[in-house]
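*Asks:* The residues making up each chain are set out below.
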Amino acid sequence: MPTALKKTLPHVVLLTYVALILIPFLFVLISSFKESNLEIVTNPFGLTGKLSVDNYVEAWTKAKINVYFFNSLYLSVSSSIVGVLLAAGTAFALTRMKFITASKWIYQFVLIGMLIPGNVLFIAQYMLVRDLNILNTHWSLFLPYTAGALPLSVLLVAAFMRAIPNELEEASIMDGLSAVGLFVKIILPLTVPALVTVFIINFLGNWNEYLLANFFISKDSLKTLPTGMVGFRDSYQTNYKLICTGIVYSVTPVLIVYAFLQEKIIEGITAGSVKG
Amino acid sequence: MKNTLRNPYVYLMFIVPTLVLYFLFFIYPMLQSVYYGFTDWNGLDEKNFVGFENFVTAFSDEVFRQSIWNNVIFILFSVFIQVPLIIFFAILISNVTKLQGLYKTTVFMPSILSTSVIGILWGFLYEPEEGIINGFLGLFGVPDIYWLAEEKWAMLAILITNAWQWMGFFIVLILAAILAVPREINEAAGIDGATAFQRAWYLTVPLIKPIISVVVMLSIAGAMKVVDIVLVMTDGGPINSTEVMASYMVHESISNGKYGYGTALSIIIFAFALVLTALYQLTIGRNQERIEY
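First to last, the sequence lines map onto chains X and Z.
According to UniProt numbering, the first sequence is numbered sequentially starting from 1.
According to UniProt numbering, the second sequence is numbered sequentially starting from 1.
Residues from chain X that face chain Z, not an exhaustive set, calculated with beta carbons under 7 Å:
# : residue
1 : A93
2 : V110
3 : P117
4 : L121
5 : A124
6 : R233
Keeping only pairs whose Cα atoms sit at most 27 Å apart, straight-line, the calculated DSS-like set for lysine-lysine is:
#  : chain 1 : residue 1 : chain 2 : residue 2
7  : Z       : K225      : Z       : K152
8  : Z       : K98       : X       : K7
9  : Z       : K209      : Z       : K225
10 : X       : K264      : Z       : K98
11 : Z       : K98       : X       : K6
12 : X       : K264      : Z       : K209
13 : X       : K98       : X       : K185
Quick look at which bits of chain X chain Z covers, simulated, 3 or more residues with Cβ under 8 Å:
#  : region
14 : 7-20
15 : 143-153
16 : 177-185
17 : 196-208
18 : 214-225
19 : 243-251
If you are wondering where the hints come from, they were derived from the structure by calculation, not from laboratory data.
The beta-carbon is built from N, C-alpha and C at its ideal position, and this holds for glycine as well.
Just chain Z, same shape as in the assembly (with noise of 0.2 Å):
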C-alpha cells in the first residue's frame, strides 16, 4: 500500500507543469534580468557587456535619485500617517456594536476594486474646474488648486489616493486580531477605572502588536512596489515629480528602448526590497513572541 504514494511518475506529474511555468516566468527571467542589466542592450542591436556602468549611471541619474526619494516619501506616508490612523480607526470600529459590519465592509470596499479605475475615478475628483475637491475648498475660499498638474501638489494628491483604497483594507486586518483578543480583558480594566484611551494604549496596542509590524511591513513592501496608480494619475509628471522607481523603469526601458539600463534599474528595486525585508527581520521582525493571552 505504501508504494501508492512512491510513485514517482504520479510525483512528477503534479510538480512538472508548476516547476515549468514557475522556472519559466520567475527563474529564467530573474536571471536574465541579472544578465541584461549588465549590458546596454536596445532591444534591437547586439547586445555589450559594460560591467556595472548602469548602477553607476543610475546612482548620479537625476530623476532616478528623484524616484528613489518618492518611494521613500511613500513608505515614510504610510507608516507614519496612515498606519497610526488604521490603528486609530480600527480600534474606534472594535469599540461600537451598532453598524460594525457596515463601517467594516464600506472602508474595506476600496481595496477590492482596480487601482487603474481608482485612480481614473480620482483624476476626476482632481479636476480643477469640475472636481469636488475643489469645489470643496473652494466654500473656504481656497482657490482652484491644479491639483495633479502642479509640481508641489501632485505627489500628496497621489498619496492620499493611495491612503483611501489601501487604509481599510489594513483597518479590517487589524480590527481582526483586536476582535480575537478576549473581551474580559477589555472589561476587567474598565471595572478598575481605565479610560478608553488607557485602555486602547496600554491594552489593545501591545496586545496586537504582531499584527501592528505585520501591517508596516505589508505597508513597506506596498510602497516599494507602487506603480499602477502612479502611471494612471500623472505618468510620472509633472517633470518628473512624482516618478517612483517602478515607473521610471518602465519608462526608460518600454519608452526609451533603454532595455539593459531598465533591468539594472530593476535590479536596484529588488536590492533594495531584500534590504529593507532583512531589516526588517532583524530589527522589529525578531522580537515576536507569540502573545498568550
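Bound-form chain X, shown alone (with noise of 0.2 Å):
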C-alpha cells in the first residue's frame, strides 16, 4: 500500500464515522429553519434563503422550554451539590475519623446500593414518594438523585481521601483545629478535584433523567427538560419544524458547556462508570 493511502484510509473512515455523528444534528438544525414539513421532504438539506426565526419564537412559548429548563437547572445542580458534600462528609468520617470496625461496616453496606440498578427501585420508590406526599412537586425528583447518587460518590470521595497523608491532619489538630474544622478547612480543600468529577457525574446523571422525572412529575410547569420535550413532540406530532426547534434549544446549551469543558467531563464520566 503507499503511504500516502496508508496516512489518509484512517482518515477517511474516522470522518465517516464522524459524519454520522454530526449529520443528525445539521439535518435538524436546517430543518428548525423550515416553513412546513413538505419543504423539509423535497429540500432536506438546503436553506430557502430566508432563515425564519418564527419556530424559534413560537416553541418557546407555546413549550414553554424555559421553564423546563430552569427547572432541570435548578434541580441537577442542587442534589449534585448536596450530594457531592454529603458523600463528602460521610467519606471523610469513615476514612478519617478512627472508628475503624463501624466505618468498615457502613461502608461495606452503602456500596450495596451499587448492586441494585436504579430501575428497581422505581415502583417502590414511587409508592414511598405517594406516601411522603410529595408526589407532583419537585422533592419527589431531589430526594431520590440526591440519594441515587451517595454510593458511588461516596466511593470514589472515600478512594481519594485515603490518599491524603496524615501528617497533614496530625499537624492541624497540634495547631487545636475540631474535627469539623479539619474537613472544612483542609480535607475538603484537597479533595476539590474528586468533588468536581463527582458533582460532573451527578449533574449530568440527573440532568438527563428521564424514568422518574417522567412518572412522579405530571404538573407541566414542574417538568423538567428531557419530559417536557417529550410532552412537547407529543403534542406537536407531526409540526417537525417545531419538534426540531424545541430539539436544538434543549441540545445547545449541553453542547456549549461541553465545548469549553469537554476534558473535564469526559475525565469525570469514564473515571466514574470504571471503578464503579
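Dock chain one against chain two, each of which comes alone in its own frame, and use the hints as you go.
*Replies:* Shown next as C-alpha cells:
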C-alpha cells in the first residue's frame, strides 16, 4: 500500500464516523428553520434563503422550554451539590475518623447500593414519594436523585481521601483545629478534584434522568427538560419544524458547556464508570 | 489530640444524613419491593399475600418473555456488534496524530445528551417521509420503511439509536487505555516488521484486555437497564415488539395498576442482574491479572 493511502485511509473511516454523529444535528438544525414539512421533504439540506426565526419564538412560548430548562438546571445543581457534600462528609468520617470497625461496616453497607439497578426500585420509590405526599413536587425528584448518587460518590471520594497523608491532619489538630474544622479547612479543599468529578457525573445523570421525572411529575410547570420535551413532541406530533426547534433549544446549552469543559467532563464520566 | 477524631457526635453528624437518605431511598424500597412482589396489590385495595403466583405468572406471560428476549437481543447486539466496532475505532483513533482531539470529542458527544432528546431526534430521522434515513436509502431505490411502526424494524431502529448514543463513550474509555501503553512497544514491533493489523491484534488487544472486559461488563449492565429510549421512541410498541423488562414493569405497574405484579417483575430483573454479574465475576472477571509493561 502506498504511504499516502495508508495515512489517509484511517482519516476517511473516522471522518465518516464523525459525519454520522454530526449529520443528524445538522439535519435538525436546518429543519428548524423550515416553513413546512413539505419543505423538509423536498429540500432536506437546502436553506431557502430566508432564515425564519418564527419557529424559535413559537417553540419558546408554546413549549415553555425556559421553564423546563430552569427546573432541570436547579434540580440537577442542587441535588448534585447536596449529594457531593453529603458524600464528602461521610467519606471523611469513614476514612479519617477513628471508628474503624463501624466505618468498615457502614462503608460495605453503602456500597451494596451499587448492586441495585435504579430501575428495580422504581415502583417502591413511587409508592414512597406518594406516601410522603411529595408526588408532583420537586422534592420527589430531589430526594431520590441525591440519595441515588450516594453509593458511587462515597466510593470515589473515600478512595481519594484515603490517599491524603496523615501528617497533614496531625499537624492541623496540633494547631487546634476541631474535626469539623479539619474537614472544612484542610480535607475538603484538598479533595476538590474528586468532588468536581463526582459533581459532573451526578449532574449529567440528573440532568438527563427520564424515568422518575416522567412518572413522579405530571404538572407541566414542574417538568424537567427531558420529560417536557417528550410532552412537547407528543402535542405537536407532525409539526417537525417545531419539534426540531425544541431539540435545538435543549441540546445547545449542553453542547456549549461541553465545548468549554470537554476534557474535564470526559475525564469525570469515564472515571466514574470504570471505578464504579 | 487523638480525641478530636474520636468525637462520636461529629462522627454521627457526618454519617447520619447519608445513612438516612440511603436507607429511605435504597434499603426501604428494596425491602418493600420484596414484600409487594408477593402480593396482588393494585395500589388501592387491600394487599393479599399470593405466594409465588406473580413469579409463576411472569414466566408464562408472553409479553414478559418477549421483553426478556429483547433485553437478550440488546446484550448480544452490544457485545458482539458494538464492542468489536468500539475496539476497531479506538485503535484507529489511537494511531492517528492529526485530528485525534476532534475525533475523541465528537464521538463522545452523544453520550452527554439526554436519552429522551436523542430518542426524539432519531424519531424524526426515522420518519417515513420527512426523515433523512429513508431519504438516503431512497437514493438506492429502497422504498420507504416505517421504521418505528413496523414490528420487524422497530427493534433494530432502537438498537441503532442506542449504539449511536453510547459507542463513543466506550471508544474514549478504550482509547485512554491504549494511549497509556508505552509507545516503544508498538514502535519496536513496527521495526521488527509487524504490520498495523498484526500490531493491533497481537499487541494492543491483549494489552488492553482488562479494560475490554470492563467495557463488556458495562455494556451488559447498560443493556439490562435500558428503558428510557424504548419509552420515548416506541413505548414498547408496535404490538409489544420492543418492550424490554424495565419498560414492561413500568407499563404493568403505573399504567395498568398492577403494582404487586410490577414489583415481582422488578425483583426478577434484579435477580437477572445479580446472576449476570456473578457469572461475569466467575468467568471473565476472575483472571484479571494486572498487566505490567
